[in-house]
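S.K.: Take any residue in the sequence shown, note its place counting from 1, add 122, and you have its number in the numbering used here.
Just so you know, these hints were derived from the structure itself, not from any lab.
Warning: the hint list may mix true and false statements.
[To be verified] Under the rule of at most 27 Å between Cα atoms (straight-line distance), these lysine-lysine pairs were calculated in the DSS-like manner:
id : residue 1 : residue 2
1  : Lys163    : Lys176
2  : Lys370    : Lys382
3  : Lys163    : Lys258
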Amino acid sequence: MEQQNRYDFGLVGLGVMGRNFILNVADNGFKAFGYDLDEEKVAALKKEGGDTEKVNAATDIATFVAALATPRKIMLLVPAGKVVDIVIDNLIPHLSKDDIIIDGGNSFFTDTDRREAYLKEKGLHFFGAGVSGGAKGARKGPSIMPGGSKSAYAEVQPVFEAVAAKFKGEPCVAYLGPKSAGNYVKMVHNGIEYGMMQLTSEIYDLLRKAGKLDNDELHEVYNTWNQGRLQSFLVEITAEIFKQDDDKGNGRLVDKILDKAKQKGTGKWTSQNAMDLGIPVPTIDIAVSMREISALKEERVLADKLYDRPTPAAIDKNELINKAEEALFFSFIMAYAQGLHQLADASNEYGYDLDLGVIAKIWRAGCIIRAGLLEDIMEAYNRDRKLGNLLASPIFVEKVQATVSRVRALVSYAAQSGIPMPGLSNALTYFDAYTSSHLPLNLIQAQRDHFGSHTYERVDMEGIFHTEWGA
Numbered sequence: 123m124e125q126q127n128r129y130d131f132g133l134v135g136l137g138v139m140g141r142n143f144i145l146n147v148a149d150n151g152f153k154a155f156g157y158d159l160d161e162e163k164v165a166a167l168k169k170e171g172g173d174t175e176k177v178n179a180a181t182d183i184a185t186f187v188a189a190l191a192t193p194r195k196i197m198l199l200v201p202a203g204k205v206v207d208i209v210i211d212n213l214i215p216h217l218s219k220d221d222i223i224i225d226g227g228n229s230f231f232t233d234t235d236r237r238e239a240y241l242k243e244k245g246l247h248f249f250g251a252g253v254s255g256g257a258k259g260a261r262k263g264p265s266i267m268p269g270g271s272k273s274a275y276a277e278v279q280p281v282f283e284a285v286a287a288k289f290k291g292e293p294c295v296a297y298l299g300p301k302s303a304g305n306y307v308k309m310v311h312n313g314i315e316y317g318m319m320q321l322t323s324e325i326y327d328l329l330r331k332a333g334k335l336d337n338d339e340l341h342e343v344y345n346t347w348n349q350g351r352l353q354s355f356l357v358e359i360t361a362e363i364f365k366q367d368d369d370k371g372n373g374r375l376v377d378k379i380l381d382k383a384k385q386k387g388t389g390k391w392t393s394q395n396a397m398d399l400g401i402p403v404p405t406i407d408i409a410v411s412m413r414e415i416s417a418l419k420e421e422r423v424l425a426d427k428l429y430d431r432p433t434p435a436a437i438d439k440n441e442l443i444n445k446a447e448e449a450l451f452f453s454f455i456m457a458y459a460q461g462l463h464q465l466a467d468a469s470n471e472y473g474y475d476l477d478l479g480v481i482a483k484i485w486r487a488g489c490i491i492r493a494g495l496l497e498d499i500m501e502a503y504n505r506d507r508k509l510g511n512l513l514a515s516p517i518f519v520e521k522v523q524a525t526v527s528r529v530r531a532l533v534s535y536a537a538q539s540g541i542p543m544p545g546l547s548n549a550l551t552y553f554d555a556y557t558s559s560h561l562p563l564n565l566i567q568a569q570r571d572h573f574g575s576h577t578y579e580r581v582d583m584e585g586i587f588h589t590e591w592g593a
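Start from the sequences, fold in the hints, and give me the full structure.
M.R.: And the structure:
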């Protein structure tokens, strides 16, 4: 096959995400070739693509690689972990110097660093590109977060900018930094996503239990919120969920879904790495923990029978809805603030040189955590690129100040009513702790020195001190 007749872009993994992404590539004027061991997936792509001159696929890896123009640009959309390494090793014998492999899955960032170094020794380029937006985003335009070799990204940039979601005409993709910057940003994106999903579900629980809102009312509330400052993908789809009828019975589907939430691990990675860095992300931490608690369904059912639960005090429905809107707005800000604080610290720790304003910019469309708030977040980091925490930005001080009192009232009401709101209460506690000039940790340092001679610092003089307590 002559070079000019070869395909511009290759993709390994023709599941729903892969098939949708490669069709998106073909729709935007690039000839694309897919590879999958599953003959049915290959056939499905050819059928949906319609024209094999524009989009084609094979089950043979040699045929796949030979069909691509050099330097080959091959994207992997396969499960994270060992599968990625297996695919890479299967590709290597067929590749040429300066070919490019792109990992579009949710790989752990240290795996990306390892793979980049491994392939560099073989004269090949490798970079990670986080892709957010789910199956629909892959087809219509995702947010893409690439990091790694800048020269390799330049080869792929025209394709990514064409297929990415657009916000006011601007593509939601940008080169983020060296090494595993792209996969790291996607990991934290997913951690923020965990937090926002937990917060959204808690507000639903409160409105349902305390306000007695039915699904039609819940739809109306979330739909109204989505027209205002809470405009976001998650609020939008939540409104849709309340209207979905059960296709296997009567009533609404949401009421028939078991309250056990699963997870793929990216939220946990965010939480674990934040602890490694020493950055507090309690809203993300508790979102992970709540999925783990939800999995204990049988234990929860038993425990529910052992303890009394208070009856929620009467509350005006409109008042509850107004407080809930303020609480969700406040807690969304906290979730973003925590995740972005982690990104700021990781950028220094791992040498990514991230521009948080650019990250907010490419999250404005296509991705799961897209929201109107990101316009203000982008502006905050554009004004001060060294901004460590969103709460220090004048843009957000007024927004938080205007909502926090009602958040306090709502957290108190929920606690008195026995309605669990760990995401919201942790968001409030995070705010109160982060904005406190003095915390009681002086006592902890005294305790540590008392039982373990761990020393302490003083407020009135320089140095490191130890005391023989009780002597």
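S.K.: Does each hint hold? Answer for all of them.
M.R.: Taking the hints in turn, this is what the structure says about them:
1. The suggested pairing of Lys163 with Lys176 holds, with an alpha-carbon distance near 17 Å, which does not exceed 27 Å.
2. Between the alpha carbons of Lys370 and Lys382 the distance comes to roughly 20 Å, so the proposed pair stays at or under 27 Å and holds.
3. At roughly 18 Å between alpha-carbon atoms, Lys163 and Lys258 fall within 27 Å of each other, so this suggested pair holds.
Figure legend: structure checked against the earlier numbered hints; every hint is met.
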